[in-house]
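K.L.:
Use the sequences and the hints to build the structure in full.
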Amino acid sequence: MYVAVKGGERAIDAAHAWLAEERRGDRGLAALSVAQIRAQLTLAVNRVMAEGSLYDPDLAALAIKQARGDLIEAVFLIRAYRTTLPRFGASIPVDTARMAVIRRVSATFKDLPGGQILGPTFDYTHRLLNFALMAEGDSPLGQAEQERPSQTPPAHIPHVMEFLNRDDLIETEASSDASPPDLTRAPMELPATRALRLQALARADEGFVLSIAYSTQRGYGRTHAFVGELRIGMVAVQMHIPELGFAIDIGEVELTECETVNQFQGSKTIPPQFTRGYGLVFGQSERKAISMSLCDRALRWRELGEDNIGAPAQDEEFVLMHADNVQATGFLEHIKLPHYVDFQSELELIRRLRSEAIAAREAAE
Amino acid sequence: MPHPPETTARAAWMGQLARAKPDRLRALFPDLPPHEVLRPAEIGTVMVQGRAGGTGAPFNLGEMTVTRCALRLTTGELGYGHVQGRDKDHATRAAILDALLQTDQFSALQAAVLAPLAAEEAAARATRAARAAATKVEFFTLVRGEDQ
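Protein sequence lines correspond, in order, to chains A and B. With positions in the first sequence counted from 1, the corresponding number in this note's numbering is that position plus 37. Going by this note's numbering, 34 is the number at position 51 of the second sequence; the sequence numbering is gapless.
A few of these clues could be false.
So the derived label-pair ranges between C-beta atoms look like this [as the list claims (entries may be wrong)]:
id : chain 1 : residue 1 : chain 2 : residue 2 : range
1  : A       : Leu369    : B       : Pro23     : 37 to 43 Å
2  : B       : Pro23     : A       : Ser176    : 42 to 48 Å
3  : A       : Asp132    : B       : Lys119    : 21 to 27 Å
4  : B       : Ala102    : A       : Gly342    : 50 to 56 Å
5  : B       : Ala95     : A       : Ser176    : 36 to 42 Å
6  : A       : Ala51     : B       : Ala102    : 52 to 58 Å
7  : A       : Asp204    : B       : Pro16     : 57 to 63 Å
Just so you know, these hints were derived from the structure itself, not from any lab. Predicted, not measured: the structure shown is a model, and the values here were computed from it. Glycine included, every Cβ here is placed at the ideal spot set by N, Cα and C.
P.N.:
Here it is in structure tokens:
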């Protein structure tokens, strides 16, 4: 059956023109600049960089503006832009032990070398709307800006896990220089390696990862997680340059890292020791980093010889294949686009089935 | 494998130039000498890797934008620029400075460009570290009855 598929062009043009006007909003108000979004909506920018899987605050801010604040649409724009760029290579794995820490807390050790550094956190705020922010004008400079403390923190703040590691109380991470798989270059193959799972989780939708992590806390694949350490700060990115024959700093990125300490019963070969979950995310995104480390740990049930109780968080295919919000949005939203031909065949089928059923019933009566 | 001192010095200045704010670098070193472009400034990405557990096997965390450029001065020195972001002028300027720093202009450029960049970077890091230190928790323990 023939279905008209042309004729929408003028309507689409008009819709896009209106979209641009709606994006601009009330012309009586100053237009929001990309620089303002980058500087003042930093956590939105961070989320778009993390899930867009591209660290570039200017582009993330532009994408947020273009997407009218729809962060998943902004992530989509960043992913699409990324595909237009050549890949120069891979960095040397970042050394998070050398992070310039602005926040570092541990829920497992109170007095740890380097101390508990709260940083710019929402924790301990009362979650009361601050109407002063609604009034015009700048907020006053913070107290720390006015009174600088004389103490300077150490340049190198050791990871908390090192302390547990010394007594073999926690599993060691086997270091390697194996080239990790890249799901942006090759389709995801299951069962996945931990490296592939970590890549998928790092770019996964924050809400999805949060929900899966929460489900493990409520008993669906419980792993008894403590936050051994959560740290945020800038980390240098180094890359080996073949023409030069040595590695150089090419820049620095802000990262949030979470290491969890989890219970483990031990096995025939391994005496009981703590196990680990790991989260690493672009920008300041501690909800995402903690969620990622819980999901990472839950997905390790097989290698740790734990029972699969059928919890969603243990189901690698379920978690990894549904965690990407661009893939999910693409498939979900495509059903609103024209399916006239498909639907026409469904319509003809249901008409035929109904007439057959009605005819059969009348024959029986 | 340890590198010879000149390589270490070059890696250090290339890193300093890469981390510089493009506008600041332009202000410190505004005029570009004549040069032959070997690889025009090009925007691309580098895959940033992390390690499982911070120290374990590498994994791909996500990409970052990088601009690179290669050129040759009329005096023959090769210069390379690899800088974060999408600023072609930044990459070109970094590559020219990389080449010039290999010549007898090293001391002059060290004083005029690298030293101010290093000082400003150190000051910014110290400010941020001090603000972080101001949020460090100083625990105090209350004495309980049975301990007295």
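K.L.:
Please go over all the hints and tell whether each is borne out by the structure.
P.N.:
Comparing the hints with the structure gives:
no.	hint	result
1	A:Leu369 to B:Pro23: 37 to 43 Å	42 Å, holds
2	B:Pro23 to A:Ser176: 42 to 48 Å	45 Å, holds
3	A:Asp132 to B:Lys119: 21 to 27 Å	23 Å, holds
4	B:Ala102 to A:Gly342: 50 to 56 Å	55 Å, holds
5	B:Ala95 to A:Ser176: 36 to 42 Å	38 Å, holds
6	A:Ala51 to B:Ala102: 52 to 58 Å	56 Å, holds
7	A:Asp204 to B:Pro16: 57 to 63 Å	60 Å, holds
Comparing the model with each numbered hint stated earlier shows that all of them hold.
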